[in-house]
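Given chain E, work out where chain F should sit, using these hints.
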Amino acid sequence: MTVESLYPRLEPLLAQVQKPIQYVGGELNAQVKPWDDVAVHWALMYPDAYEVGLPNQGLMILYEVLNERADALAERTYAVWPDLAGLMREHGVGQFTVDAHRPVREFDLLGVSFATELGYTNLLEALDLAGVPLHAVDRDESHPVVVAGGHAAFNPEPVSDFVDCAVLGDGEQVVGDITDVVAAWKDQGRPGGRVELLARLSRVDGVYVPRFYAVSYAADGTIAEVRRTRDDVPARVGKRTVMDLDEWPYPKQPLVPLAESVHERMSVEIFRGCTRGCRFCQAGMITRPVRERTITGIGSMVDAGLKATGYEEVGLLSLSSADHSEIGQLAKELADRYEGTNTGLSLPSTRVDAFNVTLANELSRNGRRSGLTFAPEGGSERIRRVINKTVSKEDLVRTVTTAYANGWRQVKLYFMCGLPTETDEDVLEIAELAVEVIRAGREASGSKDIRCTVSIGGFVPKPHTPFQWAAQASAETIDHRLRILREAINADRRIGRSIGLRYHDGKPGVIEGLLSRGDRRVGKVIERVWRDGGHFDGWSEHFSYDRWQTAAAEELAAFGLDLAWFTTRERTEHEVLPWDHLDSGLDKEWLWDDWQDAISEDEVGDCRWTGCYDCGVCPTMGTDIQIGPTGRSLLPLTPVSR
Amino acid sequence: MARTPDGPPPPPTVQKLRLRYTKRGPLRFASHRDLARALERALRRAQVPMAFSAGFSPHPKISYMGAAPTGAASEAEYFEIGLSARRDPEQVRAALDASLPPGIDVLECVEAVEGSGSLADRLDATRWRIDLPGVDADQLSAAVQTFLAQEVVLVAKRTKNGTKDVDAREAVVSAAVAVEAGCAILLVVVRQLTPTVRPDDVMAALAAVADLHPPLPARAVREAQGRLDDSGDVADPLGPDRVASSRCQGEPAQV
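Chains as they are written, first to last, in my numbering: chain E, 4 to 645; chain F, 1380 to 1634.
With the rest of the complex left out, here is chain E (with noise of 0.2 Å):
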């Protein structure tokens, strides 16, 4: 069975829409495999816009990976925005894919990479608009499988209803099982139909199939059992981890969008995993242990990249880059080879750390030095000690002095509002710290023409984190805080006007909190918010707080819950979690400890260099942490050009 493009169909609908680029594929390293040469097909979607979801890493290494298969072929696709949403409708064009711009109603499985739950009602417009019925229940053996990954499938419950399947952790390996599982089931005739296929797919470890499990409700509204419904699936699912990234470097034809994204630069990804212990940060917990590429492994990503897309910048990415073991050298090889070229090298946000400066004055040796960005997280050194984030006030103080005195303009500092144990000092203290680095940074640099940017974010407690129990600060309180830094930082010009506040109110934050540690219940929100006509919930002029609010007051009724139970309340130790069968490899012992260490304000070091803590992960996982340094260098390469 061969599927026609809906190209010829759409292409009238592009010539009244905002930005038509995005909808017509093309990209340059994008592939277009004949349907009929494969047994398996793919749709991966990236539930935003598509010059967000274009430069996302995770979908770009599964779409290489799986076309590299001989039976497979994997196509994207994008949130559609309302004004071709309203054309497709009115005209019956389905959601397509970017790439051969087949409809996505006909693929075998569509991916869908959660980075954030606030594109959950995005997945709900997606399938709507493909002709897939939103409930998995509904779905026949013709419709694709949905599957969930990314980040947030962590706590897929919320989205149950309408996912077929989560899959936990790195999706490289992962998605070649499932391939194999489906290509196996086509060709012996699709026995059993899709209730066969869905547990053949819970076998496939890493994967979570939600209707083989039951969820029974106390009386007081908490989780009273998760129970599996059928003997042959796991009780619990554990996390997938590839380990030796140097055997998996991809992208290695990173995709070039002709269309602006909004990460105009190429990405390698120098380690994966965080050992920091930082208590607010999923991915720093779900993502462990940590497993460095090796300084060669990164330097012929980094050529081959450059070679593949004619970028003129390179991101080197991690969730802590400075900590690669071997990143002082990395930096000035890297530095060295590119000399002269116009090649940009860079690192994204890091620690607060002198360190960190000597790197980044290195990757822009002989480029302009504009901004420098560092996340302390925490305004006083008592509520970094709760966030396990520790630095102290001297050293950021010290740290961003000598970003200025190094011909740095721009300061731009990342916090957290509505911490666990936070008060509104902690939060004022932000503003003092901005005052003191603007002084310092005037005195060192000699000049008045340098600036601090505080950039700072309502906290939302996550799953698996310590902070899994904590209270989530109200829109309230969060708001408040803003407003008193907000005056602090006003309060004397002559300082103020170099220190801009960059922040979001606290409404979404509450909206993220309730889907981030929502139950199956939550499901009913998010169906009703998308039938009164939400989606694109991460874009400040699409969500509204007043329909969620809505939505969620009266869909929880019936449960005798509201949004205030989901996001403000504290759960207590014994709680059973929406995610307590889903497995990261910590130990749930252990985040209850650390969370009761962050109330007492003890810290916890690194793993890396402080010894094992019992953290869980490496004995549940079967993994190891696999660092450096290697000893190696990054070879010569031939100069090409000038």
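Since the hints were made in silico from the structure, they are not lab data.
Treat the hints with care, since some could be wrong.
Subject to a maximum C-alpha distance of 25 Å in a straight line, what follows is the list of computed PhoX-like cross-link-like pairs (lysine-lysine) [claimed, not checked]:
no.	chain 1	residue 1	chain 2	residue 2
1	F	LYS1536	E	LYS22
2	E	LYS451	E	LYS591
3	E	LYS255	E	LYS36
4	E	LYS36	E	LYS335
5	E	LYS396	E	LYS451
6	E	LYS451	E	LYS415
7	E	LYS22	F	LYS1539
8	E	LYS415	E	LYS396
9	E	LYS335	E	LYS310
10	E	LYS255	E	LYS335
11	F	LYS1440	E	LYS310
12	E	LYS22	F	LYS1543
Quick look at which bits of chain E chain F covers, simulated, 3 or more residues with Cβ under 8 Å [stated by the list, open to error]:
no.	segment
13	13–19
14	312–320
Label pairs and their calculated CB-CB ranges [stated by the list, open to error]:
no.	chain 1	residue 1	chain 2	residue 2	range
15	F	ALA1415	E	TYR616	49 to 57 Å
16	F	GLU1419	E	GLY608	45 to 53 Å
17	F	LEU1595	E	SER145	31 to 39 Å
18	E	GLY449	F	PHE1435	18 to 26 Å
19	F	SER1432	E	LYS310	23 to 31 Å
20	F	THR1538	E	LYS310	39 to 47 Å
21	F	LYS1539	E	THR393	50 to 58 Å
22	E	TRP593	F	ALA1433	52 to 60 Å
23	E	GLU490	F	VAL1531	55 to 63 Å
24	F	LYS1539	E	ARG92	30 to 38 Å
25	E	HIS507	F	PRO1448	31 to 39 Å
26	E	THR299	F	LYS1539	36 to 44 Å
Glycine included, every Cβ here is placed at the ideal spot set by N, Cα and C.
Below, chain F alone, put in the same frame as chain E:
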């Protein structure tokens, strides 16, 4: 303590090349900014030795001119690049073409000859072909006659400073109707004035004077761009460089 870049200034421009490229198929939906990004990345992949501006954020020396609007296809887009080392124009054309996605095809590359004048000055008119599926050719002919008979046809045009009335008639040098495979086609030569009168402005003018409302979106292709010649057609803008370079072929081209 303003920093200045270490080391010598970037090498100067030693050769200017002028290129013609297309915007075909789905890539007609690319904007001029999308195209600029794509061309700059392709120049890097093709290892063309671009000259750069000095300073901390050096930019490759590229001039774009007269970009066709988003949604319009083109057979005749032009840009000019400055190189820091001499290259054979045809080799640059082939290498760049191979580095660009299908639909952006580099058709010609010539060396700009000193004293031959600026390329932008040679681009003052466009010949558009506008396919109008579902439109009756006789009705279109009548509409065009009505339009041509007017002295002034004002159409509302969105500009940076809000909506502005623009005279579409003044810009139109000639307009004719053809039929191909049952589809009515409007062939129109438009002078490039400021603000530019584009195919959708011409269609708005036909709607205004003759109530012509195509049932399907019009599809415009810029067939040629150049200086308006005496016969009312559009001359090849690279012609002067070709003539001049054929006169001084003594200089060996390097690769």
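Status of the hints after comparison with the structure:
| no. | hint | verdict |
| --- | --- | --- |
| 1 | F:LYS1536 to E:LYS22 | holds (19 Å) |
| 2 | E:LYS451 to E:LYS591 | violated (51 Å) |
| 3 | E:LYS255 to E:LYS36 | holds (18 Å) |
| 4 | E:LYS36 to E:LYS335 | violated (41 Å) |
| 5 | E:LYS396 to E:LYS451 | holds (22 Å) |
| 6 | E:LYS451 to E:LYS415 | holds (16 Å) |
| 7 | E:LYS22 to F:LYS1539 | holds (18 Å) |
| 8 | E:LYS415 to E:LYS396 | holds (16 Å) |
| 9 | E:LYS335 to E:LYS310 | holds (20 Å) |
| 10 | E:LYS255 to E:LYS335 | holds (23 Å) |
| 11 | F:LYS1440 to E:LYS310 | holds (21 Å) |
| 12 | E:LYS22 to F:LYS1543 | holds (23 Å) |
| 13 | 13–19 | holds (count 5) |
| 14 | 312–320 | holds (count 4) |
| 15 | F:ALA1415 to E:TYR616: 49 to 57 Å | holds (52 Å) |
| 16 | F:GLU1419 to E:GLY608: 45 to 53 Å | holds (46 Å) |
| 17 | F:LEU1595 to E:SER145: 31 to 39 Å | holds (33 Å) |
| 18 | E:GLY449 to F:PHE1435: 18 to 26 Å | holds (19 Å) |
| 19 | F:SER1432 to E:LYS310: 23 to 31 Å | holds (24 Å) |
| 20 | F:THR1538 to E:LYS310: 39 to 47 Å | holds (42 Å) |
| 21 | F:LYS1539 to E:THR393: 50 to 58 Å | holds (51 Å) |
| 22 | E:TRP593 to F:ALA1433: 52 to 60 Å | holds (57 Å) |
| 23 | E:GLU490 to F:VAL1531: 55 to 63 Å | holds (58 Å) |
| 24 | F:LYS1539 to E:ARG92: 30 to 38 Å | holds (33 Å) |
| 25 | E:HIS507 to F:PRO1448: 31 to 39 Å | holds (36 Å) |
| 26 | E:THR299 to F:LYS1539: 36 to 44 Å | violated (51 Å) |
Comparing the model with each earlier hint shows violations of hints 2, 4 and 26; every other hint is respected.
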